[in-house]
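Engineer: Letter by letter, the chains look like this.
There are 4 protein chains.
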Amino acid sequence: MPTANIRLLIACPDARGIIATVANFVSDHGGNILEADQHSDTHHGEFFMRIEVEPTGFTLDEINFKNAWKKVADRYNMRWRIDWGTRKKRMAILISREEHCLNDLLWRWRTKELEVDIPIVVSNHETFKSAAESVGIAYHHLPITSETKSQQEKRLRDLLDKNAIDFLVLARYMQILSPEFVASYPERIINIHHSFLPAFAGSKPYHQAFDRGVKVIGASSHYVTDDLDAGPIIAQSVIHVDHRDTIEDLIRKGRDLERMVLATAVRQHVEDRILVSKNKTVVFE
Amino acid sequence: MPTANIRLLIACPDARGIIATVANFVSDHGGNILEADQHSDTHHGEFFMRIEVEPTGFTLDEINFKNAWKKVADRYNMRWRIDWGTRKKRMAILISREEHCLNDLLWRWRTKELEVDIPIVVSNHETFKSAAESVGIAYHHLPITSETKSQQEKRLRDLLDKNAIDFLVLARYMQILSPEFVASYPERIINIHHSFLPAFAGSKPYHQAFDRGVKVIGASSHYVTDDLDAGPIIAQSVIHVDHRDTIEDLIRKGRDLERMVLATAVRQHVEDRILVSKNKTVVFE
Amino acid sequence: MPTANIRLLIACPDARGIIATVANFVSDHGGNILEADQHSDTHHGEFFMRIEVEPTGFTLDEINFKNAWKKVADRYNMRWRIDWGTRKKRMAILISREEHCLNDLLWRWRTKELEVDIPIVVSNHETFKSAAESVGIAYHHLPITSETKSQQEKRLRDLLDKNAIDFLVLARYMQILSPEFVASYPERIINIHHSFLPAFAGSKPYHQAFDRGVKVIGASSHYVTDDLDAGPIIAQSVIHVDHRDTIEDLIRKGRDLERMVLATAVRQHVEDRILVSKNKTVVFE
Amino acid sequence: MPTANIRLLIACPDARGIIATVANFVSDHGGNILEADQHSDTHHGEFFMRIEVEPTGFTLDEINFKNAWKKVADRYNMRWRIDWGTRKKRMAILISREEHCLNDLLWRWRTKELEVDIPIVVSNHETFKSAAESVGIAYHHLPITSETKSQQEKRLRDLLDKNAIDFLVLARYMQILSPEFVASYPERIINIHHSFLPAFAGSKPYHQAFDRGVKVIGASSHYVTDDLDAGPIIAQSVIHVDHRDTIEDLIRKGRDLERMVLATAVRQHVEDRILVSKNKTVVFE
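Protein chains in written order, with our numbering: chain B, 22 to 306; chain A, 22 to 306; chain P, 22 to 306; chain V, 22 to 306.
Hints are computed from structural coordinates only; laboratory data are not their basis. Be aware that one or more of the hints could be misleading.
Because identical chains cannot be distinguished in the list, a pair is counted as satisfied if it fits within a single copy or across any two copies.
[As the list claims (entries may be wrong)] Within a straight-line C-alpha distance of at most 25 Å, the following computed SDA-like cross-link-like pairs (lysine to any residue) qualify:
id : residue 1 : residue 2
1  : 133       : 272
2  : 274       : 289
3  : 183       : 131
4  : 110       : 269
5  : 274       : 130
6  : 183       : 156
7  : 110       : 167
8  : 299       : 232
9  : 301       : 58
All of these numbers come straight from a predicted model, not from anything done at the bench.
All chains, full assembly: derive it from the sequences and hints.
Structural biologist: So, in structure tokens, the structure goes:
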């Protein structure tokens, strides 16, 4: 029983007739396009497309689709992916000692605003064990020192495998993941950084913002890459501040920004609205 | 020589296969779709689409298109319009005594940010005669009293006809146009109202806002209909205010909102990005 | 042991020398002003002031203050109030069936972002009984029918009295309180309305907003008065929406606005930052 | 004949009783405080204050004030300045090839929204000669090469002296002023940078923003210091962008941000609302 529509995402060099080709392919196999978005990046000559197809009537299943679609995809040199909408994505939350993003995600999940499964919460601290367990989510405490880091990352991988996790959300997780780990989950690790990147990358961004005397602060959600806080940005938001705002005020106001921005990015990922190219995102909202 | 791409806008009852049909039609006549946007209003069962087609290669001219397209349009019961991009739209500005919107539109036009022709400015006052004439635009002074109103509206119509005006912009024009006049220019008269409609319709909205003690003020641009300040909203913007803002501050801050919002709405109209249905707009930005 | 600074709020007809008089009064009694805000409403000839005084060193206690201050207050015909910062304000939350505002307030309270005591949550439904009780707050179920309304309001008053409640927060409470009840808690009942008032007062504001086709939606927090949704506005916030947003999207986006705006208004009330005059608020932020 | 109220600005180490002392000083000399703002930076132990005093009744003139005020200022170790409101500030605009900020400032000046005198516009290009001269402002063309730079800066200084210029506005002026020049006009040169600093300092910020794929762009107005784009920020504003925005779109949207932000900063400077400390601004709005 599908929980959502079929979603097909495409990125390829720009060319004539792609829309017609895709629309015909769906039509020829009994499908009905409910939503279609496309974008031509004329600067780089790239084409991006996202369609939602009604499952009812579509005559291809996963195996047949792959064969039939291959011709189209090869012809246009497409990168593509499809989500059949038959099961919810499985999300793991990693967290350290700040609660607000976790609390917000759990609330959206519990009230079904966020349509995911959350089998596990993983943390280098024990702080939120009961918060997770009280809503029926397994909590894994993986404390990390410089000695245990690589070993704990291995345990993390095992946890993700065992729980068939589709993507990870770093909800204010203050450990840096190794390049090898990051490489294993391309465009599948979402981080929230508490500044309007690229300003104030690195640690203590609110202190940096306070010292610089900026009149806006922000939060940025991005996919994690090897390059710290430099991955493709998914969502950003800002608010005005002024001289009356202490560092504590910035932190307080920032918490609200962070959870809003992270929730937005997670929703867009869950709904397969994001394509990445050249370290930038196309977000079909 | 085309100045822009061909733009085709469609509204019709939602149905299967419309996107494929439209994309094939373009493709079959040598066209290349550069941009495509669509929207399904599932609440009302309506479908909206906008495509931009590269003029080069497209084998249909205006007359052939009409015949060929008729079959598609009839089949899906479409309302549609096309702009061939061969000439700039012709815009008339109506104004009373506030200068900011006029100044802003003229600046955007003069610097080619706004790709229109502006043959005439019409006003019930003489105030901005030299402002218009100094940049080569004819200024028509049509003073209005209750006695002369219908006669002056006739003169206005003549001016619009003679200058082949495509659409009108009420840039803080403080006269109410008659229902007959409005009916003659459906979705072709753009007004700016200085409040976040539907709050504070009617006169002196900043005074109303001040008295009510709101913490945001706004501006709304909309197509003019018979029902005062109740036409389909194209664009809105707001800013925060507080108890320190006097009525004069609201008016000052509002001026900036008004010119931004009006400029946005005019640009969207000029680029054929707006479809109207059930007194609401679909704006393909 | 004070939990906060002493806060003195003043409203009076504008006159010469008020600031000096107040500053001297504090100084003469060993006090140190840590924060001072004032506002002259030149439109209505009214003066508003808020000061925070360091408790250490201030030689007046509650009883002596009253006598000493009376002369100043009488001379300038002041309305005034003082909070000695010696105990947290006591807040009751009223709620019906929407959880987001309750969850948000409880989270801010639990993490000490919001410095209040919350002895009771009252609802006309049983829905959130365990949510309240699990964090140690008494939950009172007062179901309401047209027959039981006045009797239940009496029970509510008793609960508020017994728990020494200072102010009430209607966190999406869908019952209308009687004029008598409202009159008993002037400027002490905070409501959240899910529109940018005065637009879309009354019921189902998101449906109204959808039908009107606005391009921004908002939320407004205000003190409750006899006149439904027309009390003095404390805080408002808005976000942009467009034709792609369904009613469900408006409701989802609105939830985030509502809890932010309500939390802001509650914090401002708790910190004694709000003065009311002529159905408007002065908020010293 | 005063054109505005007397404005006194103060910065000093935080201490007890400053507000009372200042208020008494004014009161004792027959003055009436119309507006008072203060700010305690508890992080750095600094106190800032701004008052507006009604000229009528105040018994001190410029010379007497200096003597009388000295005792107060010395006692609290104050940096301070006063503007007697007897004449408009004199502003010079420096510009290169972008017109929007110039046009906007001139419009606000011409309509008296901005209460300054603008004796001269200076540019390294001849582009806007007629724009300035047509509204009666002298236009000085100072073309700059690496050879002529210091000589032209000397001519610029002469122009500023001869015209008794109080402060300079760099309205998209693309030449870097020498450290010596900048040092001569501390907190008297206002620049507009087309990014949300500290992100994208230096050249071509919109190109940088496009490449980084940010979801917000911004503009920052700041006082010029030796350190390029690193001076104290006065005002910032941002808007959301997405993948559909080309570099040209960013530039177009940015133009509107830039002129709004610059106009805000200039107004705040003109109204003596800005104090600088530790490379940050306190802006009493």
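Engineer: Now, for every hint given, state plainly whether the structure supports it.
Structural biologist: Results for each hint:
1. 133 <-> 272: For residue 133 and residue 272, only the inter-copy Cα distance (13 Å) is at most 25 Å; the intra-copy one is 28 Å.
2. 274 <-> 289: Both ways: residue 274 and residue 289 sit 23 Å apart in one copy and 14 Å across, limit 25 Å.
3. 183 <-> 131: Only inside one copy: residue 183 and residue 131 sit 23 Å apart there, 34 Å across copies, limit 25 Å.
4. 110 <-> 269: For residue 110 and residue 269, the Cα distance is within 25 Å only across copies (22 Å; inside one copy 36 Å).
5. 274 <-> 130: both (23 Å within a copy, 15 Å between copies)
6. 183 <-> 156: Within. Shortest intra-copy distance 20 Å satisfies the 25 Å Cα cut-off; inter-copy 33 Å does not.
7. 110 <-> 167: Neither: 32 Å inside a chain and 46 Å across chains, both beyond 25 Å.
8. 299 <-> 232: between (32 Å within a copy, 9 Å between copies)
9. 301 <-> 58: For residue 301 and residue 58, the Cα distance is within 25 Å both inside one copy (17 Å) and across copies (21 Å).
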